[in-house]
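Chains as they are written, first to last, in our numbering: chain A, 1 to 131; chain B, 132 to 524; chain C, 525 to 848.
Hints are supplied without guarantee of correctness; some may be wrong.
To be verified - Listing some non-contacts, in silico: residues in chain A with all C-beta distances to chain B over 12 angstroms:
(1) E58
(2) I81
(3) V82
To be verified - Quick list of in silico lysine-lysine cross-link-like pairs, DSBU-like style, CA-CA up to 35 angstroms:
(4) K216/B with K506/B
(5) K601/C with K153/B
(6) K216/B with K110/A
(7) K153/B with K597/C
(8) K414/B with K63/A
(9) K354/B with K404/B
(10) K86/A with K446/B
(11) K301/B with K56/A
(12) K116/A with K404/B
(13) K110/A with K301/B
(14) K56/A with K446/B
(15) K831/C with K470/B
(16) K414/B with K56/A
(17) K34/A with K597/C
(18) K311/B with K34/A
(19) K177/B with K125/A
(20) K587/C with K34/A
(21) K110/A with K177/B
(22) K418/B with K88/A
(23) K131/A with K177/B
(24) K418/B with K131/A
(25) K56/A with K451/B
(26) K311/B with K559/C
(27) K33/A with K311/B
(28) K177/B with K126/A
(29) K33/A with K404/B
(30) K298/B with K110/A
(31) K418/B with K56/A
(32) K470/B with K116/A
(33) K34/A with K559/C
(34) K587/C with K536/C
(35) K56/A with K298/B
(36) K301/B with K563/C
Treat the hints as calculated values from the structure; they're not laboratory data.
Source: prediction; values computed, not measured.
Each residue gets a CB set at the ideal place from its N, CA and C atoms; glycine is no exception.
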Amino acid sequence: MEISITFSYNTVFDCEVDDIMSMLSELLRNLFKKRATVLYPEERDKVHVPEGYRGKLEFYREKCIGCTLCYQVCPSYTIEIVVDEKGKRPVFNLARCTYCGQCEDICPTKSIHLTKQFEVISLDKKDLVVK
Amino acid sequence: MATFDIPIGPQHPALPEPLLLKLEVEGETVVGVDFDVSYMHRGIEKLLETKTYFQGLPLVERICGICNAAHGLCYTLNVEKLYDKEIPPRAQYLRLIVEELSRIHSHLLWLGVAAFEIGFNTMFMYTWRDREYVMDMLEAITGNRVTTEYSQIGGVRRDISPELADKLLKTMNVVEERTKYYIKVALTEPTIAKRTQGVGYLSPEDAKSTCSVGPIIRASGIKFDIRADDPYAAHEEVPFNVITYDSCDVFGRVVVRAQELLECVNMIRYALKNLPSGPFRIKLPMKPNAGEALTRVEAPRGELLHYTLCEGTPKPYRYKVRTPTLANLGALRAMLTSKGRYVVNIGDVPIIYGSIDPCICCTARVQFIDIKKDKTWTWTLDEIRNRSRRMRV
Amino acid sequence: MSLESFLFEALKIIFFPGFVFIFILALFYEWFDRKFYAKLQNRVGPLYAGPLGILQPLADFIKLLSKEDIVPKGVDKVLFTATPLFSLSLSIFATLLLPIFSVKGLLSFEGDLVIAVVLLTFLCIITFFAGVASYNRFSIIGAERSFLQLIGYEIPLMISVISVALNAQSVTISSIVSSQKGLWYILGPNILGFIVFIFAAQAELERIPFDLPEAEQELIAGWNIDYTGRRLAMFRLAKNIELVFLCGLAAALFLGGPLGPVVSGYEPILYTIYFIIKSIFVLAILTIVRALFARLRIDQIVSLSWKYLLPLAIIQFLIVRLMI
Chain A
1 MEISITFSYN TVFDCEVDDI MSMLSELLRN LFKKRATVLY PEERDKVHVP EGYRGKLEFY
61 REKCIGCTLC YQVCPSYTIE IVVDEKGKRP VFNLARCTYC GQCEDICPTK SIHLTKQFEV
121 ISLDKKDLVV K
Chain B
132 MATFDIPIGP QHPALPEPLL LKLEVEGETV VGVDFDVSYM HRGIEKLLET KTYFQGLPLV
192 ERICGICNAA HGLCYTLNVE KLYDKEIPPR AQYLRLIVEE LSRIHSHLLW LGVAAFEIGF
252 NTMFMYTWRD REYVMDMLEA ITGNRVTTEY SQIGGVRRDI SPELADKLLK TMNVVEERTK
312 YYIKVALTEP TIAKRTQGVG YLSPEDAKST CSVGPIIRAS GIKFDIRADD PYAAHEEVPF
372 NVITYDSCDV FGRVVVRAQE LLECVNMIRY ALKNLPSGPF RIKLPMKPNA GEALTRVEAP
432 RGELLHYTLC EGTPKPYRYK VRTPTLANLG ALRAMLTSKG RYVVNIGDVP IIYGSIDPCI
492 CCTARVQFID IKKDKTWTWT LDEIRNRSRR MRV
Chain C
525 MSLESFLFEA LKIIFFPGFV FIFILALFYE WFDRKFYAKL QNRVGPLYAG PLGILQPLAD
585 FIKLLSKEDI VPKGVDKVLF TATPLFSLSL SIFATLLLPI FSVKGLLSFE GDLVIAVVLL
645 TFLCIITFFA GVASYNRFSI IGAERSFLQL IGYEIPLMIS VISVALNAQS VTISSIVSSQ
705 KGLWYILGPN ILGFIVFIFA AQAELERIPF DLPEAEQELI AGWNIDYTGR RLAMFRLAKN
765 IELVFLCGLA AALFLGGPLG PVVSGYEPIL YTIYFIIKSI FVLAILTIVR ALFARLRIDQ
825 IVSLSWKYLL PLAIIQFLIV RLMI
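So here's chain A without its partners, still in its complex pose (with noise of 0.2 angstroms):
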């Protein structure tokens, strides 16, 4: 094996004093600072969520209309358009949302809300799809 080594001194090494120091005072001053991290899981409490959030989604039955135009928009094909007494309704698997809010904005009556609640988990396909 054959090690060979090459240098290019093309700088030099020059450093002020006080350069060091800002970087140095930033640093004792984030020893004493709270920490940036939230503890997740933990302080869920702490988690902000502002207003507008795009999370799990309600739907309101008394409210549609049936104009299917939720289905439509729909990217990745979320939304199974079903017929119940009350004439065609969307079935929402949100196992499959991305949560884009597309069917939110486009639906005439606003019976579709996407809520704050960002944590949508089970155990059982059956809770994630909403009725």
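Dock chains B and C against chain A, hints included.
Same frame as chain A, but now just chains B and C:
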């Protein structure tokens, strides 16, 4: 002197994305490079042909998570060209605000990644912490942190309320203060200067001949910014400077990106102050007119190009995306193989690679090239299907 | 020697301040390093194993021990097995020289400072052999770099240690320590030597800004890329013990070692506490240096050492020489 190959990637701590750099190394210096980007093929262009234009938007935003606002904006601008309708000015301004916010978050993210590539973990942690201010604002405005989907066909998704505008202005003050601190650190910290100055040299001629885009070409001293050259979303009305720097190295790219952060902050302030009233969205029919459209947008990484061909159906006949990283790969080769004074050390490879802000997943394209026979070809769907079956067995 | 005194000596070697104590101290120092580094960066650091994550290094160690032992194809099997053992045993041996519970270390003889410095060099050479033994491109480059770095920092390190020895007129650690009863050498004329020693220690321990042999972003893991399981656990433990050794050596040479105000009858306990406090102070400085800089390139490290560290060390030596 004996040379040997060092493979960097497709799995490597410094490269978060699948790219193979085959370095030919002589001692500690790089004498040759060869790369392969085709480790990831997601078929997004093909998938877009199966969806209507309205369904396609969330998918387009997922081409790249970091420059999602630019992709979404480019897509909507492109589709709107097919409709021949005037988009309300308020929507244009709101689009600009979200696009610049997304640029701030992308550049801060890049600063952190660049610091990480040279082993400056503290700076990495600080920039990513401060990026959260911008992410929280994006979340408050659009409803999601990463895939914002703010720009919609015909306008934007939501209006910005006066309270939110106040909050945004306050956040901009914080971001400006932090950015000034990072500029100070990047310009004066001795080890950063040591690792970036004179590294990854790209001469202005090379920058032009390799068709590089974005901060790379601007750091080589050439004024090339789609926002100024081909304004798209209220960029004619909002004043801003195109930042250039002529050191042609990684240090220049740091400076350009850092100065652009301040420029973005000023643009957002101006746009919020001069926000026109009026509607923020118009309703457009599902079916656009038949025709072709081509749009260019200045994504945080450089020029982004979308092309569509429509036959008058709700679905595109063809959709084509050219991402900035693909345009910058030629420049990367030029940087890595520079000779003489700017010869590349192995230790410099990660930061040079990082300096183009690579996003390989949105870059990979399939084409077969036989270099020896100088021949290119593509495969039909059936051939691919046959091959994949064979592999599965 | 009577049976009782023999048993007493054996217990000293095994428990305090011997193997068990060093093992606990090494894990504690790693925890402190990680936690303090995290605090500086506004993070939390190790958290879940034990109170404030204090058992995290132990958990990592046990986890590595329980992993599969892989010997890759093409490695030099003898070296591949021997280097982790050598590295661990040499670093433990070096730590026994430290004056922890009294002015004298567990091993103390005439000229033990020389042995301590030689052991540091040996540890670096073992790093080189470990890199060469595993037949991998990255590890070979890492090994090469560790040697180059040695060329850079070793001479300044030695001169800074020699100037302390010259100040104390002795090359025995115990007499250097006892000569600092009046004034610590860091407050005396040896402040420059302390700075040189800190940087050289950082390079010896392969930490940022001198972590080139195992630079994650460039060489993935550098010289230890092929080592897994037990071997990696040994290397990591050896590195932590080396950390204890270097912090302790800096404390002994510059900060007066275990000396401090004592109540008679409780000397060993108080000495141990003083020693730990002082060496943790050194460790905190090392951690701040790690957080403060970016990684340098190999040619820059060598030129930095020869242009700045070496002249500083020589100036230090001349100052001490003129004062005596």
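Among all the numbered hints in the text so far, which are the ones the structure does not match?
-> 4, 17, 32
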